[in-house]
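Following the hints, position chain P with the ligands against chain S.
Taken in sequence, the protein lines are chains S and P. Number 158 in numbering that gives the first Met the number 0 belongs to position 159 of the first sequence; there are no gaps in the numbering. Number 179 in numbering that gives the first Met the number 0 belongs to position 180 of the second sequence; there are no gaps in the numbering.
Quick caveat, the hints were computed from the structure, so don't treat them as lab data. Treat the hints with care, since some could be wrong.
So the derived label-pair ranges between C-beta atoms look like this [unchecked claim]:
hint, chain 1, residue 1, chain 2, residue 2, range
1, P, K70, S, I161, 31 to 39 Å
2, S, P166, P, L43, 27 to 35 Å
3, P, K57, S, L12, 47 to 55 Å
4, P, L30, S, V21, 31 to 39 Å
Quick list of in silico lysine-lysine cross-link-like pairs, PhoX-like style, CA-CA up to 20 Å [claimed, not checked]:
hint, chain 1, residue 1, chain 2, residue 2
5, S, K173, P, K85
6, P, K154, S, K156
7, S, K173, P, K154
8, P, K85, S, K156
9, P, K104, P, K56
10, S, K173, P, K57
11, P, K56, S, K173
Covered by chain S, according to a simulated footprint, are these stretches of chain P (three or more residues, beta-carbon under 8 Å) [as the list claims (entries may be wrong)]:
hint, stretch
12, 63-69
13, 78-91
The C-beta atom is built at its ideal place from N, Cα and C for all residues, glycine as well.
What follows is each chain in one-letter form.
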Amino acid sequence: MFKNIYNWIDERLDVTPIWRDVADHEVPEHVNPAHHFSAFVYCFGGLTFFITVIQILSGMFLTMYYVPDIINAYASVEYLQSSVAFGQIVRGMHHWGASLVIVMMFLHTMRVFFTGSYKAPREMNWVVGMLIFFVMLGLGLTGYLLPWDNKAYFATKVTLEIANSVPVMGPVLKELMQGGTIVGAETLTRFFALHVFFLPAVLLSLLVGHFIMIRRQGISGPL
Amino acid sequence: MSSHNDQQDIWPEQPPSRKEMSRRQFLTYTLGGATAFMGAGTILPMVRFVVDPILHKKGAGDFIKVAEISKITEEPQEFTFELKQKDGWYDSTATLTAWIRKDAKGDIYALSPICKHLGCTVGWNNNKAHPDEYHCPCHGARYTKLGKNLEVAPKPLDQYKTKFDNGWVLLGDIVPNTVASEEA
Ligand code: HEM
Ligand code: FES
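Same shape as in the complex, but just chain S (with noise of 0.2 Å):
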């Protein structure tokens, strides 16, 4: 039946080639586990973008709940915590996903600097692989002040603080983060509307970029 849907679909559009473009590789013995199991460092990569991908799916359920206003934000999240079903599950995928993240990313780093594979033709993924990198502390630095409790709170005063210790910039840069003189109402707006459309729209064109040179290049060769 699937066959038979897939073939239909085939015939018009002549998907086949697409996909097999796209996924139909092999995958060289130096990278793969079953044949060396150290390769298991390789995996790294795929390990942050599938957190990514949690990340990301979690995120979106998550705000079918929470609210991003300062007498309701912390509210909402313990409502979904506590009270929806799942709610401490995809909460808690959220909360360590965010964690483990970053985590991934720097294994996935060390692995690409000590085999050199950052090295000529690849020196543009790293700066892509670096900007990545950037992209995903300002989404755990954004995401970490939406509970809007205490730890939050305090935490996002001192990351504004850092942001005002830029030289000349500082007090503007921090102002506009913070979306006016103190940490309130206009902040937490302003970091929920980063968090979940800015810098996902962002890392997503990032990622593009990452994979789209990776099969452009191929993987690095052994060592």
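Just chain P with the ligands now, kept in the frame of chain S:
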């Protein structure tokens, strides 16, 4: 069209130069201009929208009665007071803290406990290893009684503007420290 080559034979040196814009140039300018106009019309409202909070005028803050002058000692004491503030579409009250003391000459000053390293809250005499200092629990910044930065922090603790009225200390805006430099 085929006469094009013949014309070159008729005017072998220079074809008469035409001052008009070419069709291609005209289209480039008009389409480019229209695109720029539409692009700017789309982006500018959003840019102005996002920077609005930093363009609001900041009025000088009011002075608020915080402590009775007779209660101020040479040992710094912590006082809290409330400040009405506008927070977007909310009116709220912020609770602020000041450490107030008088020096040997009897001059009263009030320090803000916001650490000048990265903004945690410092306390007075809260580190046994360094008595009679302000200490920040976050990364270990230390300050003297006058707020002078000893370690970690790049600047001395800020001060509140002070006024005295009818036996009360009134505090206003937070300003950079002026007393710490008196200490050699
Ligand atoms: C890789 C991407 C992401 C990272 C690293 C990340 C990180 C975080 C962090 C650290 C928190 C605070 C969680 C807590 O304190 O328990 C958070 C909260 C939140 N995030 Fe994300 N996030 C990501 C993507 C997204 C996306 C794509 C959305 C929505 C479309 C989203 C929606 C939310 C919401 C609604 C909250 C508040 C609820 C809560 O605090 O549990 N996140 N995020
Ligand atoms: S914030 Fe006070 S020492 Fe870093």
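Now the hints, each set against the structure:
Between K70 (chain P) and I161 (chain S) the Cβ separation comes to about 37 Å, which falls inside the hinted range of 31 to 39 Å. Roughly 28 Å separates the CB atoms of P166 (chain S) and L43 (chain P), a value that falls within the hinted 27 to 35 Å. Between K57 (chain P) and L12 (chain S) the Cβ separation comes to about 60 Å, which falls outside the hinted range of 47 to 55 Å. In this structure the hint that L30 (chain P) and V21 (chain S) lie 31 to 39 Å apart at CB holds, the actual value being about 36 Å.
A hinted pair counts as satisfied when its Cα atoms are at most 20 Å apart, and K173 (chain S) with K85 (chain P) qualifies at roughly 18 Å. Our distance criterion of 20 Å between C-alpha atoms is met by K154 (chain P) and K156 (chain S), whose separation comes to about 18 Å. The hinted pair formed by K173 (chain S) and K154 (chain P) meets the criterion: a straight-line CA distance of about 18 Å does not exceed 20 Å. Proposed proximity of K85 (chain P) and K156 (chain S) is supported: the alpha carbons are some 18 Å apart, at most 20 Å.
Note on K104 (chain P) and K56 (chain P): the hinted pairing is violated, with a Cα-Cα distance of about 38 Å set against a maximum of 20 Å. For the hint linking K173 (chain S) to K57 (chain P), the alpha-carbon distance of about 16 Å falls within 20 Å, and the restraint holds. Of the supplied pair hints, the one linking K56 (chain P) and K173 (chain S) holds, its CA atoms being roughly 16 Å apart against a limit of 20 Å. Against chain S, the stretch 63-69 of chain P contributes 0 residues with a C-beta closer than 8 Å to a partner C-beta. That does not satisfy the three-residue criterion, and the hint is violated.
Counting residues of the stretch 78-91 of chain P whose CB lies closer than 8 Å to any CB of chain S gives 6, so the stated coverage by that chain holds, three being the minimum.
The structure fails to meet hints 3, 9, 12 from the earlier list, while all remaining hints are met.
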